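> Chains as they are written, first to last, in this note's numbering: chain C, 10 to 393; chain F, 2 to 161; chain Z, 768 to 1224.
Check before you lean on any hint, since a few could be wrong.
Stated by the list, open to error - Derived contacts from chain Z toward chain C, CB cut-off under 8 Å, selection only:
1) Q772
2) L774
3) L804
4) G810
5) Y864
6) F883
7) D942
8) L1141
9) G1142
10) I1200
Calculated directly from the structure, the hints in this document are not laboratory data. Being a predicted model, the structure only gives us computed values, none of them experimental. Think of the CB as a built atom: it goes at the ideal place given N, C-alpha and C, for glycine as much as any other residue.
The primary structure of each chain is shown beneath.
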Amino acid sequence: MTDLENKTPPDGVKKTSFRLPKALFAILMLSFIAVMDAIFFALPKKSFSENENRVLAPAPSLSPSVISDGSADAYFADHFPLRDSWMELQLAVRSAMGSRESGGVILGDGGWLFLAQPEPDQKALTSSVAAMEAFAAAHPEINCVAALVPNSLTFNSSRLPDGIPLYSQKELLAQILSGLSLTKSADVYSALAMHDPDALFYRTDHHWTTYGAQCALSAIAPALQTDFSASDFEMLTVSASFEGTLASKSGRHGVKEKITVAVPLEPVPYSVTYHDGSVFGSAFVPEKLDGKDKYAVFFGGNYPVVRIVTAAGTGKRLLVFKDSFANCLVPMLIPYFDEIVMVDPRYYYDDVQLLVNSAPFTDALYLYNLDTFVTDTALARALS
Amino acid sequence: MNLKALLFSIARWISLGAGVLFVVLSLRGGKSSASAQDVFSAAKAAMDVSGTEQAEPAAITRLYGIDPSSLDGCFLLFPSTNMGAKELFVAKLADSSDGEAILKAVGERLDSQKKSFDGYGAEQFALLTGSSRIVCERGFVIFTVCAEADAVIDAFKAAL
Amino acid sequence: MQLDQLLFVFAFLPLCIAVCAAMPQKLKKASLALFSLLFAAWGRPADLIIILSASFFVFFTGLEIGALRENGCRRLAGLVFAGGFAGVLGLIVLYKYLPLTVGSLSSLTPPVGLSFITFSLLSYLFDVFSGRSGPAKDPVGFFLFVGFFPKLISGPIIAWHDFEHQLEGCRISADSLERGLRRFAVGLAKKLLIANAIAASYNALAASSGARTVAGSWLALLFVSFMLYYDFSGYSDMAIGLGAVFGFELPENFLHPYACDSMTGFWRSWHATLGRWFRDYVYIPLGGSRGTKLETLVNMLCVWFLTGFWHGGTLTFFVWGMWHFALLALEKFIFRNVREKFPHPVRVAIVFLLAIIGWVPFFSDSLTKTVGWLGRLFGGAPLWDASVGYYLLTGGAALVLAVLGSGNLPGKLYKKALDRSPDFLRAVSAVFILLLFAVCVALMTGETYTSFLYAGF
């Protein structure tokens, strides 16, 4: 019988044909699993994820309750080997299959990320507007100004995926501002629309840049009756490696941006007092530039109350109801007011009336970005 | 009827009984129908309330960041002075309210209290770290800081 | 625990395979049963008590029926059977249907896989009472029949008389691992890569203004039809694959239903094990098609009433059941000869259309929404909306892949390649499926991604 296994090539050397293992796939898959498991057990576990900006799950207790409380599931998933690389792969796969959104963030062209629009809460909007008007009526001596800032996708429609369903922030703004009569409204939309959208907002963060805030001031400052001028300030770059909230939310990393701060050419001395009594000599917190949340270089983040007392000598005092967008704008108002008090109603639980009575305010500013404002209930609660 | 069938019959009825008992118990384990006031009073009775006072809704908002109107009743006993740490908070969750959010707020309250007393008030810090309890059960959330924390929790569960 | 979680694939499964392979033959079933217990209890330990007490109840009922029949007490055996039957029905009615009407019961959550466990328990009772099978003497084997982790959550439904013979064949071999893991990985890819992608597009479309257009309603219907098919058939593939790993042959559940050219064929290919269960335990005992046309119709009506009801206790599921009853009755009695007149592709298209229209009530929360959706499919709404284009673009790739994979073509191509060069195909397919598996690992990791936004947000 001829040996079919060993065919004899012409030069007479015997060759055995290579036989693939029968259980080829099983071997591949089980090896893959074994390697992942080995890495999982061998590698030390990180306690914090830079990319996701959160504390990773701690080791589960070795008690029977581990069956029901999900701690083992969370621990295994959080510390799964090469987690960050798997995240990148899944984003690549889903993008290849056509997905243009990830984690509530729209993946735009050119590295741009946009926060998906929240559904406006009409009830909340009505009560916010009513509260603002009631406040203006109760304090006729205070010049009340509303500055609502549209978000980056309003000015970057060319970078958005085609046909993505969005509502017009311009129309929404017009609708909201039409309800304000006692409160003046600053036309931030037009002020921003005049400039190059690339410079107005961060690509990987939902905030506007200091330059964007400066452009808006050309509309807000006249409403506040100050003689603000952009030429009074010098723009300093304080960081070139900023990666914002939207990169963490979406999982799309790789873009690093610059943060600039505006410093007045003729500095006015001032002090910043926080809600816990601590006093600082600057609105900027350089230590935050070493961390992940670099936008917190402005005042260190959001606090219930921040009181700025200056030596400007203008006789004007400003009360600001805000969200985080105001943090990079308010430093540019410092030379024009004797006192600025910033209140973030989301964290402030005391009586606002006490605050209003604490100083003879001449002006009040509501500074919010639309994405926060359309669902905000804290302002109405604080003002009531 | 033969013996085998009888034995199987008994086993069958026992299994059925176990299942029915379990269903009945799990039904009873649903939301408690007790009122927040009653549960709070029962828990309060188990602790030494000297140095505490009852809080107004505004104070609850200020200290916990919770809107009392979003709950089906909540009560708070908090320290009368800055140097006290004894506290009792009882909240009944409304159908729509989020137990997770309330637990988070209570946890943050405990953390901020711990931070305040760390290094300044050894006694208070010890109370906060060793004798504080947070429990969420049958639609109720309780947070207590006091020497008799275990007794308070027992009274709480009994009142549900 | 779910079959498409990281902890299952990388911890539970390899551990189960290792332990089961290491155990001597006598203990293999017991280890599988223990792992199945752990699987059922994971994340929801309270469920286990119901599953166990129901299993023991039926187990002892079976033994009692057997003992009574041995002694000739047929009437008593019948009573015991009726009691068992009522008990199992009572269980599912209590957990699945009463909470819909009785408010105070709404806190009762059904144990995982209850709907499918019911089928297993009833099948056992019927088989033992009818004498088709003897009662199980070994509680481990019986529990494995009820709670075998691959099929616990969503089937395939296997009858006791088919499963009991397989218990002795429980073993792991190189061949079982190869066949089983391949099937599992393919099923995982179907679910994660295709079904989940389509689901995301569907959910976004349903919430947008596009859903109120004609084109949007059709797109949503296509999304839903393929999402359900890939999710369910992917899960079935995973279950069958896992069963195969341990030496069990679970029946096929999906046989390219969307490529069938008759409604009867469709229902032998869509959730095939469900249809078979109702045929064996309801239709045939009632008389099947052996009587008059009217009797046959009544029997079919019973089956479809129960089928709709089993899927859910609301009116929309009843409508869905009646829709398919009507189609099957018409096909069986009136259009039997008309069908031949149409060429095969046309028949497939018609059956596909009729089948997916049935998903409208299936996926609607209420009859009003059903009527609304159906109305929009046939006009009575704006034709198009820019957002429909967006969802077509973002969900289109997954939909196209789904459509291509749902026909008979890929299977035919694979067979051809298998005949030509089996080794080459084996190597290429192994590498390809491994890559798919890697993508699935990435997607599973992605499901667990959460980001905490800064305090300064």
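> Next, verify each hint and record whether it holds.
Each hint tested on the structure:
no. : hint  : result
1   : Q772  : holds (7 Å)
2   : L774  : holds (5 Å)
3   : L804  : violated (11 Å)
4   : G810  : holds (6 Å)
5   : Y864  : violated (27 Å)
6   : F883  : violated (22 Å)
7   : D942  : holds (7 Å)
8   : L1141 : violated (24 Å)
9   : G1142 : violated (22 Å)
10  : I1200 : holds (6 Å)
Going through the hint list in order, the structure does not satisfy hints 3, 5, 6, 8, 9.
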